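Based on the sequences and whatever the hints tell you, model everything.
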Amino acid sequence: MGVVAGLVLGAGVFCVWWSWWTPEPRRVARRDGWSERTADLLVQSGASGVTPRGLVMTSAAVGALVLLVVSAVTRSPAIAACFAAMAAAAPMSLVRARSGRRQSALRQVWPEVVDHLGSAVRAGLSLPEAVGQLGERGPVELRDAFRGFAQDYRATGRFGDCLDGLKARLADPVADRIVEALRITRDVGGTDLGRLLRTLSSFLREDARTRGELEARQSWTVNSARLAVAAPWIVLALLATRPEAARAYNSVAGSFVLATGAASSVVAYRLMLRLGRLPAERRVLR
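Residues in the sequence shown are numbered consecutively from 13, following the working numbering.
Hint data in this document are derived by calculation from the structure and do not stem from the laboratory. Keep in mind it's a predicted model, so treat the numbers as computed, not measured. For every residue, glycine included, the Cβ atom is placed at its ideal position computed from N, Cα and C. It is possible that part of the hints are untrue.
Derived Cβ-Cβ restraints for the label pairs, each shown as a range [said to hold, decoys possible]:
#1 Ala76 with Trp232: 31 to 37 Å
#2 Arg210 with Ile246: 47 to 53 Å
#3 Val241 with Arg210: 41 to 47 Å
#4 Ile246 with Ser60: 46 to 52 Å
#5 Leu285 with Arg114: 14 to 20 Å
#6 Val200 with Ala271: 55 to 61 Å
This is the structure:
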């Protein structure tokens, strides 16, 4: 009996001693913001099979190839380095351009998706059935993603996990809001889903109309700026075909002129994009 009492007393003293020590906070692995943004851009551009690392490797390979080709043609490393840097940035620019075009197209069809969901809910379909039937009756641009949801739900029956997969396939802020509204409705219930979807549909239509007008007015300014940035480099490409012009840029002064021109072009173009950029909705409901 004395041994048991001693063990209990010792355990109590140890627990009191242990309570004075503050446990170290668990370190949560932070995801790389650039990787997240690039992965979203790849999904939005329709290249979901490409990883951010693969995009970087492709950019490096394209830049190296252009560097070798231009160096062999012009015999000017300075000119080759400038065009190699442009070529290395081309894959990312292409991804951004395709993402922007696809997002503009999807902005017109999201209200239709919300209307389909509202009609299905009013018709008495369950939420998984309402979401899955969009793979057959929804907008053509989004049918593959919703077919993937339907296949996942038939295979697993876990609505929440399938919604997470749908969010990953779409990588869109509007899709995040719709998915989270469906998740909350499924988890806690409620009769306001139809009203919420109608309100969201009208909001999305108004936003698409306003943004479309702004983009139409902005497009001529952006295209003019791109032409103004590209024109000097097109002239340089033509001059580089002449050996005496290419040799002039091999000097220190020539390299300085190229570096100054490249820096001025990048700063002016980025400043134009920043001043004329429309507010972009971020994915806060990942």
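Status of each hint after checking the structure:
For alanine 76 paired with tryptophan 232, a C-beta distance near 36 Å keeps the hint of 31 to 37 Å intact. Checked against the hint of 47 to 53 Å, the C-beta distance between arginine 210 and isoleucine 246 comes to roughly 52 Å, which is consistent with it. A hinted range of 41 to 47 Å for the beta carbons of valine 241 and arginine 210 is consistent with their spacing of about 45 Å. The supplied range of 46 to 52 Å is broken by isoleucine 246 and serine 60, whose beta-carbon atoms lie about 34 Å from each other.
Checked against the given bound of 14 to 20 Å, the beta carbons of leucine 285 and arginine 114, roughly 19 Å apart, stay inside it. For valine 200 paired with alanine 271, a C-beta distance near 60 Å keeps the hint of 55 to 61 Å intact.
In summary, the one numbered hint that this structure violates is 4.
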